[in-house]
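Asker: The lines below spell out each chain.
Protein chains: 2
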Amino acid sequence: MPNKTPITVAYGDGIGPEIMAATLRVLEAAGAQIAPEVIEVGEKVYLGGNTSGIASESWASLRRTKVFLKGPITTPQGGGYKSLNVTIRKTLGLFANVRPCVSYAPAVATLHPTMNLVIVRENEEDLYAGIEHRQTDEVFQCLKLITRPGCEKIVRHAFEYARSNGRKKVTCMTKDNIMKMTDGLFHKVFDEIKAEYPEIATEHQIIDIGTARLATQPERYDVIVTPNLYGDIISDVAAELTGSVGLAPSANIGEHVSMFEAIHGSAPDIAGQGTANPSGLLLSAVMMLVHIRQSDVATTVHNAWLRAIEDGFVTGDLKPTVDGRVLGTEAFAAAVIERLGQEPRQFRPVHYADAPQPRATAKPLYTRAKPAAKRIVGVDVFVHAADMSADFLAGRLATLTHQPKPAGFGLQMITNRGVKVWPGGFSETFCTDHWRCRFMGVDGDGKPRTVNHIDIVHLLENLVSDGLDFIKTEHLCEFDGEPGFALGQGQ
Amino acid sequence: MPNKTPITVAYGDGIGPEIMAATLRVLEAAGAQIAPEVIEVGEKVYLGGNTSGIASESWASLRRTKVFLKGPITTPQGGGYKSLNVTIRKTLGLFANVRPCVSYAPAVATLHPTMNLVIVRENEEDLYAGIEHRQTDEVFQCLKLITRPGCEKIVRHAFEYARSNGRKKVTCMTKDNIMKMTDGLFHKVFDEIKAEYPEIATEHQIIDIGTARLATQPERYDVIVTPNLYGDIISDVAAELTGSVGLAPSANIGEHVSMFEAIHGSAPDIAGQGTANPSGLLLSAVMMLVHIRQSDVATTVHNAWLRAIEDGFVTGDLKPTVDGRVLGTEAFAAAVIERLGQEPRQFRPVHYADAPQPRATAKPLYTRAKPAAKRIVGVDVFVHAADMSADFLAGRLATLTHQPKPAGFGLQMITNRGVKVWPGGFSETFCTDHWRCRFMGVDGDGKPRTVNHIDIVHLLENLVSDGLDFIKTEHLCEFDGEPGFALGQGQ
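Going down the list, the protein sequences come from chains A and B. Sequential numbering from 1 applies to the first sequence in the numbering used here. Sequential numbering from 1 applies to the second sequence in the numbering used here.
Each hint should be verified, as a subset may be incorrect.
All copies of an identical chain are treated as equivalent in the list; a pair is satisfied when it fits inside any one copy or across any two copies.
[Claimed, not checked] Below, computed lysine-lysine pairings styled on DSS-like, alpha-carbon distance capped at 30 Å:
id	residue 1	residue 2
1	374	405
2	82	194
3	319	194
4	374	82
5	4	370
6	180	363
7	169	374
8	447	82
9	447	180
Derived from the structure by calculation, the hints contain no laboratory data. Values in this document were obtained by computation on a predicted structure and should not be read as measured data.
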């Protein structure tokens with residue numbers, strides 16, 4: 001065994017200290033070569049006046065060890081405290097949330113006794129970038145951002161996970177029939193990268209049908225990769241279907257730092273009673289051991305845990321299948337320790353192998369594409385205007401494309417909540433006070449032309465001169481000749 | 001009985017003609033006072049060169065009758081054909097998608113025999129506005145728009161539906177712990193409107209937990225109201241849980257026009273065989289009859305259908321509970337017709353009452369709020385820049401706030417995918433080529449000031465003078481003194 005690997009450990013709040021103590025005891029008994037550095041995060045730190053819930057010396061530990069085993073924490077209600085998980089995840093770039101969801105029937109009652117799947121959720125982008133604006137009296141906006149490197153990172157991680165864990169199929173779920181550009185990019189990157197993993201079966205499902213199938217036939221899934229919001233929803237669905245959220249582990253993987261934690265909360269109502277179930281955290285520690293290349297210890301711990309469950313030992317949150325085998329936290333850990341070196345007989349034993357060093361064997365996680373030839377061809381200007389018809393607005397705007405200064409644009413259409421209302425709108429279309437006005441660059445003969453930034457500035461200046469309340473802009477660009485903007489509904 | 005009510009009918013594609021004929025036969029036998037105007041939509045219209053799938057004279061019929069009973073249609077693959085449903089829904093303002101999801105065990109096998117819920121899905125806004133832009137080499141964006149009148153319309157419709165259908169509880173599902181402004185508005189409007197319906201119990205759930213609960217305990221829900229995307233997902237989950245998507249009806253309700261259709265597709269593989277199940281369309285027609293105030297006929301048809309199912313009659317898509325009772329489409333319709341006037345004995349009979357004219361009794365569906373005092377306090381400018389550090393970009397921008405022209409702004413922060421990277425960023429944060437630069441209005445002493453549109457134009461002009469590639473803007477406003485923009489993650 002080499003030197004001990006330093007890891008950062010936070011006991012957390014509520015039941016955290018109990019389940020972390022039990023987990024570390026099992027790891028030690030199994031011979032894990034780890035050197036924990038304990039940091040304090042969560043409730044005490046928040047209430048001590050640090051709204052982020054983590055002190056700067058704790059950041060330093062995380063950035064040094066790059067491995068974080070974290071107990072559940074309590075975020076106090078009110079007071080503007082930020083989610084520590086979101087902060088750590090986004091600041092340290094933990095791009096992949098990996099959640100195995102496995103049934104353990106008959107030990108754990110479930111309608112889906114054979115399910116065994118892993119959800120690989122993108123963890124940094126999508127609507128969770130938190131970029132929101134109120135734009136008019138009536139309209140609020142949130143930006144959904146999907147990026148090519150973000151898609152490449154998560155999709156490649158899903159396939160690498162599948163390969164190194166002996167998984168056979170990766171299912172991609174998006175809503176690209178509606179969001180053709182953003183979710184379309186995710187799907188496209190999936191199709192590009194899957195070609196590098198010919199031994200793994202693949203499929204794509206629209207998220208609505210996919211979630212419905214997952215809810216009724218979880219057995220048919222193996223690995224699922226999906227953007228952030230969908231992953232948030234389906235990982236809760238899958239965990240619930242197993243019959244116990246209390247057993248589910250998770251890994252948050254980054255290029256620099258990774259974090260391992262149970263998916264359950266801090267359960268303050270049963271804290272300090274010695275009854276909590278350490279399984280979710282213990283199985284998260286197993287994922288950590290694989291990550292730090294102590295796969296033999298991970299295998300030993302996981303098989304001993306499976307054997308203990310199979311032998312009917314459970315904590316009080318589960319129904320025992322054998323009389324008298326409900327144990328407290330410490331006794332359950334002891335039952336696992338007693339079985340170190342044994343394998344389960346009904347459940348399938350696990351066998352982790354140290355993954356090859358990714359950088360030595362696989363393509364890079366993502367590549368920076370060569371910049372495309374970008375050409376601005378127009379601009380969407382959003383206008384706040386109440387009590388105005390689309391036709392009236394269009395009349396004003398048509399003049400303002402060349403007055404007071406000729407700006408070189410023509411008004412192509414106006415939409416309201418995405419529906420084209422000019423030219424040729426329907427009176428039945430409901431209109432808010434938020435109008436998207438699409439101006440395309442045109443020359444003196446009305447032919448399309450490339451525009452530049454100063455043309456757009458001039459157009460905005462013209463709108464201001466007439467007192468129009470423009471509230472936002474979106475450039476319309478072509479990338480290598482491909483339009484980088486969607487048509488309006490009805491256009 | 002008064003004069004016959006004109007309705008627009010489209011037989012649709014695939015199994016559409018068979019199930020529509022069966023449905024109209026049942027309605028006629030039950031004494032429905034309707035005068036169908038038949039229009040052609042779908043495959044033939046698309047392939048005839050109309051990319052919208054509907055001809056202008058058909059629009060005229062819809063706008064005249066305001067009631068549309070629609071068979072399933074086939075959208076040809078490729079060729080840029082637009083979804084007819086999306087076009088009709090958005091152009092005619094069908095804001096509410098109402099989907100009852102009911103189990104009919106033992107006639108239909110399901111793990112959830114007692115579920116009986118209705119999903120009321122917002123149908124016009126959210127990410128489905130279809131406003132997408134590619135902004136840089138790496139980053140694609142979709143706008144999520146949530147509006148106050150949109151929220152009021154759908155929430156009020158859900159409560160009115162609950163009240164007139166004897167439902168006891170309305171559950172609201174959002175993700176307002178992350179999207180505090182957009183989903184926060186939906187939740188806030190729910191809280192405002194629920195106070196007007198004191199006899200109806202209410203609850204709010206975060207969509208991830210809510211979907212997981214729905215998937216495992218659908219029995220606990222009654223009416224669920226939710227924004228468009230979440231509604232799309234959970235209505236498929238709920239339909240699937242009932243055991244047969246083939247029985248589920250839907251209504252798309254607008255202020256002017258409403259559309260009724262089964263949720264299943266056109267099933268071209270079994271078209272023309274006379275085996276298709278007309279139940280989804282028939283139950284949609286029941287919803288239509290209630291809508292056009294022929295509730296007695298709706299009650300008669302629905303109870304006869306329940307009795308037929310209870311008596312063991314099914315079409316070939318379902319497993320019969322009594323031997324030899326698998327019927328074709330027409331024979332199944334005949335079995336329903338034979339039972340007109342009868343009530344089911346195990347299933348609970350339905351009893352529809354004509355709803356009071358909404359306008360006479362309830363508050364208006366939505367109100368236009370008095371405009372707030374709006375004040376611009378800054379602007380987010382998004383910049384496309386590759387191979388540039390946040391610190392370097394910040395240095396350039398800090399100068400450009402007052403050169404060449406003093407524009408009266410100070411650079412407050414830079415984020416990348418929503419994470420603050422300046423000032424005080426972490427090297428571990430992954431940065432794309434898409435930077436959001438927040439400028440706040442400041443006066444000569446560095447104190448906050450109100451800015452106007454021309455100040456923003458000048459700021460953009462300064463950026464252009466330095467060759468910076470700005471790609472979009474978002475004004476930062478206060479409404480009645482409340483900030484209309486979210487902080488950056490880590491700010």
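Asker: Each hint should be assessed against the structure and marked as holding or not.
Answerer: Structure-based check of each hint:
Both within a single protomer and between protomers do residue 374 and residue 405 lie at most 30 Å apart by alpha-carbon distance, with minima of 26 Å and 28 Å respectively. For the identical chains of this complex, residue 82 and residue 194 are inter-copy neighbours only, at 29 Å across copies versus 37 Å inside a copy, given an alpha-carbon limit of 30 Å. Taking identical chains as interchangeable, the C-alpha atoms of residue 319 and residue 194 are never at most 30 Å apart, the minima being 42 Å within one chain and 39 Å between chains. In this assembly of identical chains, residue 374 and residue 82 lie within 30 Å of each other by CA distance solely across copies; the values are 28 Å between and 38 Å within a copy.
In the homo-oligomer, the alpha carbons of residue 4 and residue 370 never lie at most 30 Å apart, since the shortest distance is 42 Å inside one protomer and 66 Å across protomers. Taking the shortest Cα distances, residue 180 and residue 363 sit within 30 Å of each other inside one copy (27 Å), while across copies they are farther apart (39 Å). In this assembly of identical chains, residue 169 and residue 374 lie within 30 Å of each other by CA distance neither inside one copy nor across copies; the values are 37 Å within and 53 Å between. Taking the shortest Cα distances, residue 447 and residue 82 sit within 30 Å of each other only across copies (27 Å), while inside one copy they are farther apart (51 Å).
For the identical chains of this complex, residue 447 and residue 180 are intra-copy neighbours only, at 28 Å inside a copy versus 44 Å across copies, given an alpha-carbon limit of 30 Å.
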